[in-house]
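Peer 1: In terms of the UniProt record's numbering, the sequence shown opens at residue 1 and continues consecutively.
Calculated from the structure, these hints are not laboratory results. Computed from a prediction, not measured in an experiment: that's the story for all the values here. Just so you know, not all the hints are guaranteed correct.
[Claimed, not checked] List time: in silico DSS-like cross-link candidates among lysine-lysine, alpha-carbon distance up to 27 Å:
no., residue 1, residue 2
1, K26, K83
2, K83, K25
3, K12, K25
4, K28, K15
5, K26, K12
6, K12, K28
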Amino acid sequence: MSTNELLEHTTKYIKQQEEKVEGMKKMKEKLQLSSEGSSTSRTHNEDIIEVRDFGSTLEVVFTNSSGCINGSSLLGEIISIVKEEGAEVMSASFHNVGGVTHYTIHSQVRIN
Numbered sequence: 001m002s003t004n005e006l007l008e009h010t011t012k013y014i015k016q017q018e019e020k021v022e023g024m025k026k027m028k029e030k031l032q033l034s035s036e037g038s039s040t041s042r043t044h045n046e047d048i049i050e051v052r053d054f055g056s057t058l059e060v061v062f063t064n065s066s067g068c069i070n071g072s073s074l075l076g077e078i079i080s081i082v083k084e085e086g087a088e089v090m091s092a093s094f095h096n097v098g099g100v101t102h103y104t105i106h107s108q109v110r111i112n
């Protein structure tokens, strides 16, 4: 591969990475707004949605401790938002400990 080809390839890759980061930022904002909007119907904000940005991957952790909402319904809603924003859901899981359910979604930005 010539130097020019390598530079072109690198430039294209950097632009793709920048687009992925922007997409992840938008998705993060949308998920945070979604969690803020739905927290008004919860008692004492006992349910928590955390969004962790790891560059091209995103982790969403939802903790349902109040029992005021259907966690699996919200899990489906969060997965839909993640997909709408252009990420691919790599895994989704949950576990229950002492009446508190923890849902975790791992996603990765799709490269077009």
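Peer 1: If a hint holds in the structure, say so; if it doesn't, say that too.
Peer 2: Hints and how they fare:
Restraint check for K26 and K83: satisfied, since their Cα atoms lie roughly 12 Å apart, inside the 27 Å limit. About 14 Å separates the Cα atoms of K83 and K25, which keeps this hinted pair within 27 Å; it holds. Using a Cα cut-off of 27 Å, the hinted pair K12 and K25 holds, with the two alpha carbons roughly 20 Å apart. Taking the CA atoms of K28 and K15, the gap is about 20 Å. The hint holds against a cut of 27 Å.
Proximity of K26 to K12 is assessed by CA-CA distance (about 21 Å); at most 27 Å being required, the pair is judged to hold. For the given pair, K12 sits about 24 Å from K28 by alpha-carbon distance, which is consistent with the 27 Å threshold.
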